[in-house]
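Protein chains in written order, with the working numbering: chain A, 640 to 954; chain B, 49 to 323.
Bear in mind the hints are in silico, worked out from the structure with no lab data behind them.
Each hint should be verified, as a subset may be incorrect.
[Claimed, not checked] Here are the simulated DSSO-like cross-link-like pairs (lysine-lysine), alpha carbons at most 30 Å apart as the crow flies: (1) A/Lys-874 with B/Lys-226; (2) A/Lys-863 with A/Lys-874; (3) A/Lys-863 with B/Lys-55.
Below are the chains, spelled out letter by letter.
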Amino acid sequence: MQATETTPLIAVPEPGLMKRFWNFLLYSRVLWAWIFLAPTLIALLVVAGRPLFGTFWLSFTDASLLALDEAQFVGFSNYTTVLTDPDWWTAVWNTVVFSVVSVGLETLFGLGIALVLNSTFPGRGLLRAAVLIPWAVPTVVSAKMWTWMFNDIYGVVNHILVLLGVLDQPVAWLANPSTTMAALIFVDVWKTTPFMALLILAGLQMVPKDVYEAAKLDCDSRLKTFFAITLPLIKPTISIAVIFRSLDALRIFDLVYVMAGTTKGTATMSVYARQRLMEFQEFGSGSAASVLIFLIIGFFTVGYLWLIRPSQRES
Amino acid sequence: MKNRFEKIVFYAIVTVIIFYAVFPFYWAIVTSLKSGSSLFNVELFPTNPSLRNYIELFSEESFIQSLVNSVVVSGLTVILSLVIALLSSFSLARVRFRGRALILMTILSVSMFPQIAVLSGMFELIRYLNLYNSLAGLTFCYLCLVLPFTVWVLRGFLQALPKELEEAAILDGCGPLKMLWKVFLPLAKPAIATTGLLAFIAAWNEFLFALTFTLSSDKRTVPVAIAMLSGSSQYELPWGHIMAASVVVTLPLVLLVLICQRQIVSGLTSGAVKG
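In isolation and in its complexed conformation, chain A is listed as follows (with noise of 0.2 Å):
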């Protein structure tokens, strides 16, 4: 099949020279491969590279929102502005905490629902029917609703704490930063748990039965199962999982600006590089910013990157 590929697919016996030009541009596939790629590739340099472009030149300069054509080259000093602004390094700390925890929790969570999911019972359907929904959700509506739901005097979250014995009175829990963080932690793993744990069941159902039934002669409890085949089995997939979500926890925006405002307790690295180039209509330092996290990010998708590599499962 190799000499196939970049040959004529067919033999056509003696073709004339016109004949065979005509062949190479119908029947070549490495020709059509590259015409076909160049939708995708030149749509992706316009709508992707030229932003990204933009924004790394826009970094640079002193840019202003009303002032966009008069941008004057000005070196690092955005750059400069935004490492020694304390609000950055609030934003950096807010944004380590809510993925550290959220996608710790998400994992945790992730694989109990995975392992339920997992097994065979009357139910099973209902349940990942269920699991499903809050993925559905969308981010906004979400927030709009645990911020209905967290409501201090109306809320249900309260009525209910007070209700079980947990709490004495309702607490106002968007009205200070550490409940509030508690609280968009708790929507995002409400909100993302479903992908973690379709991601980690794909992972489970990829180990082959014959596996567990080995075990059975030699592990004797379940427990021991878990830790001893099935968690190093599925090892990689949860890697993959949390680098992947990882990256969408360090990125979040809609839910915090929703839910929270741009309220400095609380403002990710992305809401605060929004607020510098939307609000303070700084497009130099807010740029900076968005390169600072694009930095941080694109770290976390080499890795993410190095782990799929292609050239290992492709036949």
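Given the structure of chain A, go ahead and fit chain B onto it with the hints provided.
Same frame as chain A, but now just chain B:
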């Protein structure tokens, strides 16, 4: 299940998970059916449900306009992405050529860009193209979000199709264009539908670009409209309306997702896990 106790614990866990997953959306529906002062009573079922919130919501022209905008922008984005991505994912899934791994990695990393990284550059570009505060502008920047993802997921599906068909087509003297059109397109229809649905959800839910690149309320998409629904003061948010709007935007998605469960799960996981 070993014994009854274990069974009870197991089903207790299942019940808790289902409650946790479903309750918030259920609560939104319940809230949307209440009006007036009953909105502020915590009750599991609305005592006298009314559609007043929905009627009021749909009597506002701006909300209908936002719905239309969302449908138009998401629809256009999905159609454009699918057409462009079908061609390239065919190349990336079925043809071996030099540089393929590099292109794949590039597309995947573009799909992982933090949106904020392109925000200011996109703003500049959209201004330059005179697309600020327009649906065309939104569609334009949604391509940045949706196209790489579409290529990646579609490629995963196309790769899984059997090789024999292709070989038979080659033996019949079928060129690449004809092969894509006559062999793969019919086979890939379910894959295209699933990918389209996932892409549609991504575009439908997008918030940051929609918030930044629109100005007037007649150009807003629904997520932005919902985020901006407000009452006379900060403390008098019209929760009935907000929940009604939330249900309107979410219910079609939830239904679609439940109907196409199996395909969506395979699309999602192949997009993220399989290289």
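Inset, instruction - Compare the distance between the alpha carbons of A/Lys-863 and A/Lys-874 with 30 Å, and conclude whether the hinted pair is satisfied. - result: It holds: about 16 Å lies between the C-alpha atoms, which stays within 30 Å.
Legend entry - Restraint check for A/Lys-863 with B/Lys-55, where alpha carbons must lie at most 30 Å apart: Judged against 30 Å, a Cα distance of about 20 Å means the pair holds.
Inset, instruction - Sort out whether B/Lys-226 lies within 30 Å of A/Lys-874, counting only the CA atoms. - result: 43 Å, violated
Hint 1 from the list above is the single one not met by this structure.
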